[in-house]
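Trainee: Residue numbers (my numbering), protein chains in the order written: chain U, 57 to 844; chain S, 14 to 311.
These are computed hints drawn from the structure, not numbers from a lab. C-beta atoms are modelled at their ideal positions from N, C-alpha and C, and glycine is treated no differently.
Derived list of chain S stretches under chain U, where covered just means 3 residues or more per stretch with a C-beta under 8 Å from a C-beta of chain U:
(1) 42-52
(2) 196-202
(3) 269-276
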Amino acid sequence: MVEFWHAQTFCAYLVARRRLRTCAILAPMTAIPPPALIRQDGRDKVTGSGRYAADLTVTGMLHGAFRVADVPHARIRRLDTTAARALPGVHAVITAADVPDHRYGAFLKDRTLFARDVVRWEGELIAAVAATTPEIAARAAALIDIDLEALPSVTDLELAARPDSPLVHDAWATYEADENLVRDRNLASRSTIVKGDAATAMAEADIVVKDRYVADGSHAVPIEPRAILAEWTGDHVTIWTSTQVPFAVRSGVAETLGLAQNQIRVIVPHLGGGFGAKCELGFEAQVAALSKAAGRAVKVVFSRREEFLLPDHRRERMIMELETGVRRDGTIVARRGHLIVDNGAYSMDEPFLGQLAAMFAVGPYRIPNIDITADTVYTNTQPSGSVRAPTGPTTCWALEQHHDVVAERLGLDPVEFRRRNLVHEGDTGPAGQVFERIGVLETLERAAAAVGWGKPLPEGEAIGVATGWWPSFPLASGAHLTINADGSGTIVTGAQECGTGAVMALPILAAEVLGMRPDQFRILYQDTDAGPYDSGASGSQTTFNNGRAVIAAATEVRDQLLELAANLLEANLADLELVDGMARVKGSSTASVSIADLASEASGAGLLLGRGSGLPPPTPAVNAASCVGRLGAESFAAPTFFTHAARVKVDRDTGVVRVLEIAAAHESGTIINPIGAAGQIYGGVAMGMGQALSEGIQLSADGRQRNAYLLDYKLQTVADMPPIHVDFVDAPSPTAGPKGLKGIAEPPNVPTPGAIANAIARALGTRIHELPMTPERIWGAMAANGES
Amino acid sequence: MGGHFSAPSSLSDALTAVAAGHRPVAGGTDLVVGTRQGKWTLPEDLVALDRIAELHGIVATDGGLRIGATTSHADLAADQAIRERWTAIADAASIVGSPATRHIGTLGGNLANASPAAETSGPLLCFEALVEVRSATGSRRIALADLFSGPGRTAIRQDEIIVAVELPELAGAGSCYVRLEFRRQMEIAVVGATAVVRLEGDIVREARIAITALAPTVRRIAAAESSLIGSDGGPAAAAEAGRLAAGAATPISDVRASLDYRRAMAAVVVRRAVTGAIARARGETLLIPASASTFGAS
Numbered sequence: 057m058v059e060f061w062h063a064q065t066f067c068a069y070l071v072a073r074r075r076l077r078t079c080a081i082l083a084p085m086t087a088i089p090p091p092a093l094i095r096q097d098g099r100d101k102v103t104g105s106g107r108y109a110a111d112l113t114v115t116g117m118l119h120g121a122f123r124v125a126d127v128p129h130a131r132i133r134r135l136d137t138t139a140a141r142a143l144p145g146v147h148a149v150i151t152a153a154d155v156p157d158h159r160y161g162a163f164l165k166d167r168t169l170f171a172r173d174v175v176r177w178e179g180e181l182i183a184a185v186a187a188t189t190p191e192i193a194a195r196a197a198a199l200i201d202i203d204l205e206a207l208p209s210v211t212d213l214e215l216a217a218r219p220d221s222p223l224v225h226d227a228w229a230t231y232e233a234d235e236n237l238v239r240d241r242n243l244a245s246r247s248t249i250v251k252g253d254a255a256t257a258m259a260e261a262d263i264v265v266k267d268r269y270v271a272d273g274s275h276a277v278p279i280e281p282r283a284i285l286a287e288w289t290g291d292h293v294t295i296w297t298s299t300q301v302p303f304a305v306r307s308g309v310a311e312t313l314g315l316a317q318n319q320i321r322v323i324v325p326h327l328g329g330g331f332g333a334k335c336e337l338g339f340e341a342q343v344a345a346l347s348k349a350a351g352r353a354v355k356v357v358f359s360r361r362e363e364f365l366l367p368d369h370r371r372e373r374m375i376m377e378l379e380t381g382v383r384r385d386g387t388i389v390a391r392r393g394h395l396i397v398d399n400g401a402y403s404m405d406e407p408f409l410g411q412l413a414a415m416f417a418v419g420p421y422r423i424p425n426i427d428i429t430a431d432t433v434y435t436n437t438q439p440s441g442s443v444r445a446p447t448g449p450t451t452c453w454a455l456e457q458h459h460d461v462v463a464e465r466l467g468l469d470p471v472e473f474r475r476r477n478l479v480h481e482g483d484t485g486p487a488g489q490v491f492e493r494i495g496v497l498e499t500l501e502r503a504a505a506a507v508g509w510g511k512p513l514p515e516g517e518a519i520g521v522a523t524g525w526w527p528s529f530p531l532a533s534g535a536h537l538t539i540n541a542d543g544s545g546t547i548v549t550g551a552q553e554c555g556t557g558a559v560m561a562l563p564i565l566a567a568e569v570l571g572m573r574p575d576q577f578r579i580l581y582q583d584t585d586a587g588p589y590d591s592g593a594s595g596s597q598t599t600f601n602n603g604r605a606v607i608a609a610a611t612e613v614r615d616q617l618l619e620l621a622a623n624l625l626e627a628n629l630a631d632l633e634l635v636d637g638m639a640r641v642k643g644s645s646t647a648s649v650s651i652a653d654l655a656s657e658a659s660g661a662g663l664l665l666g667r668g669s670g671l672p673p674p675t676p677a678v679n680a681a682s683c684v685g686r687l688g689a690e691s692f693a694a695p696t697f698f699t700h701a702a703r704v705k706v707d708r709d710t711g712v713v714r715v716l717e718i719a720a721a722h723e724s725g726t727i728i729n730p731i732g733a734a735g736q737i738y739g740g741v742a743m744g745m746g747q748a749l750s751e752g753i754q755l756s757a758d759g760r761q762r763n764a765y766l767l768d769y770k771l772q773t774v775a776d777m778p779p780i781h782v783d784f785v786d787a788p789s790p791t792a793g794p795k796g797l798k799g800i801a802e803p804p805n806v807p808t809p810g811a812i813a814n815a816i817a818r819a820l821g822t823r824i825h826e827l828p829m830t831p832e833r834i835w836g837a838m839a840a841n842g843e844s
Numbered sequence: 014m015g016g017h018f019s020a021p022s023s024l025s026d027a028l029t030a031v032a033a034g035h036r037p038v039a040g041g042t043d044l045v046v047g048t049r050q051g052k053w054t055l056p057e058d059l060v061a062l063d064r065i066a067e068l069h070g071i072v073a074t075d076g077g078l079r080i081g082a083t084t085s086h087a088d089l090a091a092d093q094a095i096r097e098r099w100t101a102i103a104d105a106a107s108i109v110g111s112p113a114t115r116h117i118g119t120l121g122g123n124l125a126n127a128s129p130a131a132e133t134s135g136p137l138l139c140f141e142a143l144v145e146v147r148s149a150t151g152s153r154r155i156a157l158a159d160l161f162s163g164p165g166r167t168a169i170r171q172d173e174i175i176v177a178v179e180l181p182e183l184a185g186a187g188s189c190y191v192r193l194e195f196r197r198q199m200e201i202a203v204v205g206a207t208a209v210v211r212l213e214g215d216i217v218r219e220a221r222i223a224i225t226a227l228a229p230t231v232r233r234i235a236a237a238e239s240s241l242i243g244s245d246g247g248p249a250a251a252a253e254a255g256r257l258a259a260g261a262a263t264p265i266s267d268v269r270a271s272l273d274y275r276r277a278m279a280a281v282v283v284r285r286a287v288t289g290a291i292a293r294a295r296g297e298t299l300l301i302p303a304s305a306s307t308f309g310a311s
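Excised from the complex, chain U in its bound form:
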């Protein structure tokens, strides 16, 4: 248990810094370990002295504004920017005609920087304006004269997939796409996970349960609405932007504007959260093109409303039909499933996410016969894309409710049902991967025990559990490390800090290799001209991959230090170690030299410079010949496992749910930074509670957002947070990241909605098949079940 540990640590820190005389939370002071890590960015962020992209100003800077479609589907008959250009203070207006005619997209190149001929969702960009003030820019954008011919809007997921549906993209067949994509009309991609013979096994099963779940889309809602500032120097552009993926932005701008990557420098000042919505190329290419056209620097700052309406990353709507066959002893023999995933109007990373969803519909269970299809379909709605653990919480919510229904049909306790079916070390996954040492069963036992599974509860209360899994993503990543002449350290990394603390914690890994303290390092990060490549704050991959790079860079410097020390101490290299800021002969307290002295020595000769990348661990071998639409998710590298148990209280009169307690047990390999890891779980639970209870995009019949503002897109607040018991199951895996670690950023919001759903169902005796499980939906389900 590390519950409250960080509060105690912070208190201890304040006491140590004489900011507090005493600390009430503390037991005896001596029992508290020193703070493992004080974040380098902490003071800036807490005091408000930190600068975000919207805070920046450069000489001669103009302000930009976008003009968007504001209708879900239409043909552009006329587009006239004359009046906008004529407005005093306007320096440039650009449209599709002013940028290269190029389609882009991660797996399916179906989109352009600005709409050409047809608009396919309400937030699609038509033009951009640069002017001397934000107000003039907005006025000019409104003056752009657009004549649109309305086209039928495709919004219903099931109708969209039918052959008689109007097309979202008439020219879909001509688009360039990943060779593994299976496409047809509005079907942007199909992925299947197939194993054994599900049809036969289902026919032979003792009990078959089939049910259906429908989830609304939802938003990432970073507290910082995005901002982009672009400034050209000759043919080189610097872009300050709020992105999670600076290198993907750089390559995306290069691809769409026809530049070399070294003509583009992407810098992220402090990032005010992203939660996936700031992954992939955002609006940087448009702002760069606008700045070029204006001949001045241009900054665009989104309003909260634009942050809801314009990004191409919302969490996908889904319809999930699940069918499971079991033997009377509770053993699962077959799983079939059909998932329809809302791709929205354009595909960014969504085809890959469809395949992930199919894997989540399997879950971390032993299932010998599987046949799951995930269809990602185009609609005239906001494009879907990665939002923290994309498709994970939604699919887990459906699957774990489905599992409780199966358990109920069997007359089995839900925890016991899971106990009998969860994967073990040595089991074979859906596409042939063999599981190494894993701790999934322990997460179930510990989470259930922590909330007192089985104990009597007051009227209206109940406990639910949900178990899930999430992959790690082994990827290329790089870092540099230097020791300066005074013995202080500098880490230069391409990794992106999105608020999780993953980059802030890198010094822990460097310090351990070098026998130094984490606070002796300063980090330069999120600048593509400074740090080597990293894939960004995405896929919970920072510590997994950049941690490996930092260790490799530190190891180079360690070797350099030891060589210097061996000469100075006239000792054998193999006998030396770096401990407590010293190089010394192992075990000796006298034969030593400080790292600062070695650094001083090196400053006049061979500098202490390390570079690291390291090879990503291999992804498990697969035998997925029977699967189609393979984009790389058919096996899970170093999967992480988790169970949440939720105790809730339901107000039967109103359908209002209060979450009273959450236990979150996670097997994420080795935990490097307990404060940061626990923080990820607190935040993940909060986000999962939101998706469970109150966060849902409400769409009009033609596909427009009806609640694109914070009062009616209801996040959970701090006041709604229950006590959260955090527990880490230690199960280091040889194919995980350095020191046996796995990612922890995305997993914590995966099982929360499912655990809450199962608790609600047990409290009410009525199951909720729609997400979010709003009070009105709960009230409606009770009414349909015969309660007035």
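Chain U is already provided as a structure; the job is to place chain S on it using the hints.
Mentor: Here is chain S on its own, set in the frame of chain U:
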């Protein structure tokens, strides 16, 4: 570019500015937020009221309280007299928006904004408060029942500002404001209800019941009130009052809830407000805000 912003410390300067067409602004929690949300454009000329000392504060009067228009929700919620004798106002003021909203948002602003979902309106209506408005040429009192003419519309003229709310006391009354809450903070009323009752022995002798966010303006429901008078205020009587109030409501369907759900919740929330008011009239403890206990927690 026009635009004039002043922050006078005297009421007469503010009244002069308002007479010249400047829009008064107090906490700005509706005006500024609504602007950012695109509901309206920010008026060019603004006069801020927050530096005018005489508009701020709560003082006891012969028959009750006089509350300055720029008194914050947080100050209302913390006032001992209000908590003890006008408890429904404390229930309401302590759940407006978030802690930040409550510290900057004002009672006068809440009334002038005239939202059918405004928290303080229902309790003030039931306590039969008077709103004192002033212009450069004089002042007048408007009964709260006559203040609202529709969503966002009031009987206040453009050259007038609210200076105070006069709050008469209903001796011995118990009162309660309950709001349906989907989350614990940053909430807006989807359904709200106020009940003010006075008992003689075990019998309800006086009852005032108002519904919030269930009609174009906050309003009292006479049928529900008369059904409660003469009853014991027990579960059946509270439920009947709820049923009658729900029947008199004219709810709408929107992104927050459907008409059917709102009507069903009207009955529940009125019942709970009545039950809470009865309990308080009997001297039983029901924590402020009542919503937190009724939708509540552990």
